[in-house]
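Peer 1: Could you put the whole structure together from the sequences, leaning on the hints where they help?
For the sequence shown, position 137 matches number 1293 in the working numbering, and the numbering has no gaps at all.
Because the hints were derived from the structure by calculation, they are not lab data. Here the structure is a predicted model, which means the values were calculated and not measured. You may find that some hints are simply not true.
Cβ pair distances, simulated, as ranges [as the list claims (entries may be wrong)]:
hint, residue 1, residue 2, range
1, V1250, A1168, 29 to 35 Å
2, G1192, Q1248, 21 to 27 Å
3, G1211, E1311, 30 to 36 Å
4, E1199, A1305, 19 to 25 Å
By construction, the Cβ of each residue, glycine as well, lies at the ideal position given by its N, Cα and C atoms.
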Amino acid sequence: MPELTPLHADHAPAVLAFELASRAYFAASISDRGDGFFERFDEQFRDRLDEQATGDGAFYLLVDEPDGSVLGRFNLVDLADGGAVLGYRVAQRVAGRGVASATVRRLCRLAAVRHGLRELRAAVSHQNVASQRVLANAGFTPVGPAGPADLGGKEGTWYRRELAEAGRGLAPLVASLTALAAEAPAPSARIAADFDRARRLAGPAPDAEVLAELTATGEALRGPDGSRAARVPARRALTALLGSWRLPLPELRGPA
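Peer 2: And the structure:
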């Protein structure tokens, strides 16, 4: 099953292979990246990692298992004032199968739960009907014209989606769960206090989709070595959280 995962340095060869294999396909509906993109790929890839590290962007890959090939890229850029711009592209071999729509919906949940965003925007050219359908299926609505500067020389439309309030309230919980996992097996009193504070801020139980994102995101619950033991403090904290909402603990993804 494909996995949506944050971009990291080891992904560089697979991302380059994805871009090269899909270049002609993408150029039929969106502006071509140009030869310079491929000539300076390593530099640009490092720039994306730097943006991610500073919080200016969040870059995700849809990775096919078990071969590790990239099926799609899904990016949040210009993160500021509770908003971000969404960009995405998927390989031709999965186009038209609902993969892009499903992944954009999931990224909307991640944007709220993990990044605390209030809204997402996306620009689509008039010719790119498939991408317009993807955004509509993911709950985006048209809000105004997008000019050539937004779309690499093409005319189009800006779309917008407001993100769930419940998801934004859970963003601190994801951060504190990550810290709990990182400090296994004995999280500090400060980290425990941070979690309790975030738990109170989260308020009432979130909707099912946001809750599923919180509990199923392996990155938020997995320790540095990926082991089950490293996840014990986070798992206990999450069990208490869900218990306070009178909800069961779902099976957590991640290596045993």
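Peer 1: Confirm or reject each hint.
Peer 2: Going through the hints against the structure:
| no. | hint | verdict |
| --- | --- | --- |
| 1 | V1250 / A1168: 29 to 35 Å | violated (21 Å) |
| 2 | G1192 / Q1248: 21 to 27 Å | holds (23 Å) |
| 3 | G1211 / E1311: 30 to 36 Å | holds (32 Å) |
| 4 | E1199 / A1305: 19 to 25 Å | holds (23 Å) |
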